[in-house]
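Trainee: Based on the provided sequences and hints, a complete structural model is requested.
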Amino acid sequence: MFRHEESLQAKQRTLLQQLDSLDRELEELQANLGEAEEDKARLAEQLEQSQKQSGEQLQAQQELLDTLQQEKLVLEQSILELQTNTSQLQEQAQELRERERLLVFFPDLHMPTETQFESSGNFTEDMKSQLQANKIRIEVLERENTQLEALLAKVKAAAEQGVLKVSWVGAVYPKTTPWPPDILWGPWEGQAQAPHAAGRLLWFNWCCLRCSGLVSAPFHHCGHHATSCGGQGM
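Using this note's numbering, the final residue of the sequence shown is 337, and nothing's skipped along the way.
If you're looking for bench data, these hints aren't it; they were derived computationally from the structure. All values reported here derive from a predicted model rather than from experimental measurement. Where a beta carbon is used, it is the ideal one built from N, C-alpha and C, also for glycine. Treat the hints with care, as some may be off.
Unchecked claim - Computed beta-carbon distance windows for the label pairs: (1) Leu192 <-> Gln250: 18 to 24 angstroms; (2) Thr187 <-> Glu148: 55 to 61 angstroms; (3) Glu184 <-> Glu148: 49 to 55 angstroms; (4) Ser181 <-> Gln152: 39 to 45 angstroms; (5) Leu192 <-> Glu252: 45 to 51 angstroms; (6) Arg204 <-> Gln233: 35 to 41 angstroms; (7) Leu111 <-> Leu146: 23 to 29 angstroms; (8) Gln250 <-> Ser223: 30 to 36 angstroms; (9) Glu179 <-> Ala262: 49 to 55 angstroms; (10) Leu183 <-> Gln149: 47 to 53 angstroms; (11) Ser223 <-> Ala262: 24 to 30 angstroms; (12) Leu206 <-> Ala262: 56 to 62 angstroms; (13) Ala144 <-> Ser181: 27 to 33 angstroms; (14) Gln152 <-> Thr117: 50 to 56 angstroms.
Mentor: Here you go:
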């Protein structure tokens with residue numbers, strides 16, 4: 104009987120110990136569960152913030168993309184306008200250069216007599232204007248000389264190689280004819296005279312240049328020079 108009671112007491116102590124152990128484990132599990140719940144809530148909050156930030160960034164990027172596309176369209180339009188303006192300015196510049204060249208060569212033929220010189224009433228200013236006009240004439244003539252020197256070098260080289268036969272003709276255009284006739288660009292036949300040279304200048308047979316291929320400008324054939332350059336009518 105005594106032993107039986109001791110056995111029961113031993114079992115009771117064992118059960119109590121197991122119960123205490125289970126209670127401690129339960130407390131630990133409950134603590135872990137609380138921490139897990141907190142982690143879960145924190146992660147959910149972080150996920151929500153991350154999604155919100157991602158949405159805001161995506162929206163900002165889309166707005167930036169739209170802005171860049173609009174700026175691109177504006178720039179493309181500006182480029183087209185600039186190209187158009189550039190082409191127009193180039194044409195105007197070419198026209199002004201040609202007008203400048205003609206005014207230098209034929210100042211008396213491109214303005215009425217009554218407007219050839221208008222005094223400003225200030226002698227110094229008039230002298231400055233005349234000086235500027237002379238400088239422009241000099242610049243244009245220097246450009247013409249540079250072009251003619253380059254062309255003359257080609258002519259000499261062709262003549263030395265026997266490709267080109269040179270002929271010279273006297274110049275006898277009426278005084279009212281603009282001079283020099285378009286040396287490099289214009290069709291002309293017969294004889295030509297500079298208004299200030301009175302027929303004493305000699306002109307190179309430019310038909311020879313065209314026929315020999317030294318000049319690509321659209322020359323017309325001078326029939327009376329056919330024997331000089333061997334060219335055919337164009």
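Trainee: Are there hints from earlier that the structure breaks, and if so, what are their numbers?
Mentor: Hint check: 5, 6, 7, 11, 12, 13 fail, others pass.
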